[in-house]
Amino acid sequence: MASENNHAGLSPTVLRVIERFVAAMRADDAIQDDAIDRLETLLRKGTVPKPDEIRTALLKPLQDDQT
Amino acid sequence: MIRLKTIHIEEFRGIRHLDFDLATANFGICGPNGTGKSAVVDAIEFCLTGDVTRLSGQGTAGLSIKTHAPHVDQRTHPEKANVTITADIPSLGKPVKIYRSVKNPSKVHVTPPDADINLVVRELETHPEFALSRREIVKYIITPPGRRSEDVQTLLRLGHLEKLRKSLTTFNNTCKTEADEAERNSRQAETDLKNGLTIDKLDRGLVLEKVNEKRQLLGLPALMELTKNTSFKAGLAVAEGPAKKPALRKAVALADLAALQSAISGGEPAAIVDNRQSARTALQKLRDDEHALILARRHGLIKTGLELITEDACPLCDTPWKADELREHLRKKLLSAAEIETLLGQLRTDINAILEALSERIQGVERAIQYSQNLKPPVPHTELSAYLDRLKHAETALKEFLADHSRITPALEAAGGSWWSPQADEQTCIDECQAAVNALPDTSAEDEAREILIVAQDRYEKLLRETKTAKDRKSHSTLAQKVLDHYNEKSTAVLEGIYDQVTKDFTNYYRAINREDEEKFVGKLSSGPAKLSFDVDFYGRGLFPPGAYHSEGHQDAMGLCLYLALMKHTLGDKFTFAVLDDVLMSVDTGHRREVCRLLKSEFPKTQFILTTHDRVWLQYMKTEGLISRSQLFGGWTVDAGPRVWDDHDIWTEIQHELEKHNVANAAWLLRRYLEYTAVILADNLRASVEFRGDSQYDLGDLLPPVLKKWRKRLEDGEQSATHWKRDDEKSLLSGKRAEAKELIARTNAEQWAINPSVHFNEWANLQSQEFQEVVDAFKELLENLRCENEHCKSYLYVLPRKGKAEEMRCNCGATNINLKAAL
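Going line by line, the protein sequences match chains A and B.
Using my numbering, the final residue of the first sequence is 125, and nothing's skipped along the way.
Using my numbering, the final residue of the second sequence is 828, and nothing's skipped along the way.
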């Protein structure tokens, strides 16, 4: 579970969306918990994550991505 | 947040030196257009945020704060342009002084420099929306849903959510593109293996049969199953030393070339013909709408433009156009968003199918070129290389279109051009290559079998890799889509909750302003990913966009109500001040009183600074008790800036002039004040003023009918009291009417209508003492028209605003005169 305190600068509404979004992902068996943890940490950082950062958080790198 | 006490402005915009004393109360600034009101708003915004929207927002290219914020005569001395605001911070119970110079807009000087005060000032910097101009109201009301979503979310400090949605959407789109490409590569690998083994379809049994056929020739045991670890070469003797890959394996090369020739001679498959035709039609449609598509996708410009056409000119460049023709012109250029979405979805399917066929052909031609090069002597292949370039050019064009939908023309050429059948000289190259390979000495059946097994093994392994990659990419794409769907669903739900509350407040505010004719009004904000639709009731006929049927005045009022509802939600208790810059200029007089009451009753803790060019509006604000202090701008010159006239204590000022025996000045002040008041009274009492097309009413036009109507209203009240046997009321009104008659006689005003020679124009010729009597008479007369409650003192007004007059009342309710003499 990502740190609850790590969300400097986010408005209460944004935090509420993040909480519900994360809860919905956790209720979805198709999404791995560790991926959700990484994404949640990213979301609570206070800045909008870039698409590449979301990819790193959610996806395991493929063989050809690593090379 | 803060409440403003004083504002000091130096050499800023059109202002040289100007001071305001607001005393943390609501404040009005009134003056004709071009007298510097908006410069005051700019100054407040600059001091609190370091920015001036008018110099840095949209359409301000070439403007900058440093160069254009100072007074034009000080444009090279930004250090002389500065603004100082003193204020109270209610939440801290502390005062603060905020100073900012144009020389260094990002540097704010805060006194005292306490940490908690600095925090408040820093927070202010992030809330430029405390200032609202009429131009900005439009963005909440008559904008397309996509633009409104962004603007409202910005106001609600929810821009973060929109940016996050865009990031997740980009991630999802990238995953989808990668999955499509991986799927194409996987299919290509299948084709390669089929070609290598010369089989028609990829079937485990068929593969094993072909492989075992070759293995049997080599005396190798048959393979019993096909797994990912299966090796077609198992048991083959391994050559000693480093393995040397032959330049050309005849059997494999012939199989590859035969497959290429077969594909060419079989003609373009009907499915690909259909895909190309369908893609071509869609791309042509987009090409015809290319500019609109690009602009609509980037900025919503065309859609916004359509909404903003209010006169016979382009809203962007002012080029003259007939409004209807311009609308039609833009509509033709613009496909609807839904249509574009469907179109792009179909295009993606068609193009992926074309790309798959292209990829297969490219690989076939690349192999033919490679074989041509490896033959001894090499077979000329210049024309074939040109064919390959053409194929790759088409592939690139289609891929680029998938990545950027504005690149339509090259994609259209790629989908439209016939690349399936090579040109004659290109075909000759392939034929010659095939003939040359065919002419190579035959290898033994064993060698051929060995070669086929080696190549098939390579291709099988590639197929396994590509299949796994395609599967992984597909699962990534599915995951990305799920994540995006969850986000869209949850963020929309949260935003809808917010919008429901905002809508409720908005509806209540708007009803309060329009209680006479829109008591059953409802508004509706509907949120969806990347859009926020706003519909309002039109007199019970249904919900429509605000710009559909409501007048400009109603739209202005809606804009203000939505703004207030949004600010209330965003700031809550921190909504302590707002600057409303001429935001209600088109609200009709019947609703202005209600606007004042709304601001006063719903936002008692908010300090409003209101600018208007309409003196009547200012007077309404005063008589309704919305503002107690104001500043009037009577004109503006580039050298001196605004000419300020403070009328908050007119009688004292007149007295001062009289004490100096300056009757002319005193007369001018009284006349101006009475002109303001007479307009209000004419409206309040529904007096019959002779209409003037230019609306240039002077005191002589207004006051006589006002006073006549005042006496008539009192008389009606008296008759009503008689009718209903309310003797006390009758006696009271009788006394008031007698008093009015006497006071009117003392002012001599009613005579103006009868004898123009006895006129206020003569006042300047009077002696101080004579004019003192006139002043006293008017002061007492105006008191006669007010409520007697010291805490109210509002001018009486007639209700309803139209139709048969029913009552004349004040704001507090202490005075309520029945005007109905019968049912």
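Honestly, the hints are just simulated from the structure, not real lab data.
Please note: incorrect hints may appear among the correct ones.
A few chain B positions that, by computed beta-carbon distances, are all more than 12 Å from chain A [what the hints assert, rightly or not]:
(1) N109
(2) G164
(3) P550
In silico DSS-like pairs for lysine-lysine, Cα to Cα no more than 27 Å straight-line [said to hold, decoys possible]:
(4) A:K118 with B:K713
(5) A:K118 with B:K476
(6) A:K103 with B:K487
(7) A:K108 with B:K404
(8) A:K108 with B:K713
(9) A:K118 with B:K467
(10) B:K605 with B:K713
Every beta carbon over 10 Å from chain B, so not counted as near; a handful from chain A, in silico [unchecked claim]:
(11) D86
(12) D91
(13) D92
(14) R96
(15) T99
Ideal Cβ positions, reconstructed from N, Cα and C, are used throughout, including at glycine.
Each hint tested on the structure:
The Cβ of N109 of chain B sits about 25 Å from the closest Cβ of chain A, beyond the 12 Å cut-off, so the non-interface label holds. Its beta-carbon lying about 9 Å from the closest one in chain A, G164 of chain B breaks the requirement of being farther than 12 Å from that chain. Listed as a non-interface residue, P550 of chain B keeps its Cβ farther than 12 Å from every Cβ of chain A; the least gap is roughly 26 Å. Proposed proximity of K118 of chain A and K713 of chain B is contradicted: the alpha carbons are some 87 Å apart, above 27 Å.
Under the criterion of a C-alpha separation no larger than 27 Å, the hint pairing K118 of chain A with K476 of chain B is consistent with the structure, at around 13 Å. A distance of roughly 22 Å separates the Cα atoms of K103 of chain A and K487 of chain B; the hinted pair therefore holds under the 27 Å criterion. The suggested pairing of K108 of chain A with K404 of chain B holds, with an alpha-carbon distance near 23 Å, which does not exceed 27 Å. For the suggested pair K108 of chain A and K713 of chain B, the alpha carbons sit about 72 Å apart, so the restraint of at most 27 Å is broken.
Distance hint between K118 of chain A and K467 of chain B is fulfilled; the C-alpha atoms sit about 21 Å from each other, no more than 27 Å. Taking the CA atoms of K605 of chain B and K713 of chain B, the gap is about 32 Å. The hint is violated against a cut of 27 Å. The beta carbon of D86 of chain A sits about 6 Å from the closest Cβ of chain B, which is not more than 10 Å, so the claim that it is off the interface is violated. The claim that D91 of chain A is not at the interface with chain B holds, since no C-beta of that chain comes within 10 Å of its own (minimum 13 Å).
For D92 of chain A, the non-interface assignment is confirmed: its Cβ lies about 13 Å from the closest Cβ of chain B, beyond the 10 Å cut-off. Residue-level check passed: R96 of chain A sits 12 Å from the nearest beta carbon of chain B, beyond 10 Å. T99 of chain A, annotated as away from the interface, keeps every beta carbon of chain B farther than 10 Å; the closest lies near 14 Å.
Violation of the numbered hints given earlier is confined to hints 2, 4, 8, 10 and 11; the remaining hints are satisfied by the structure.
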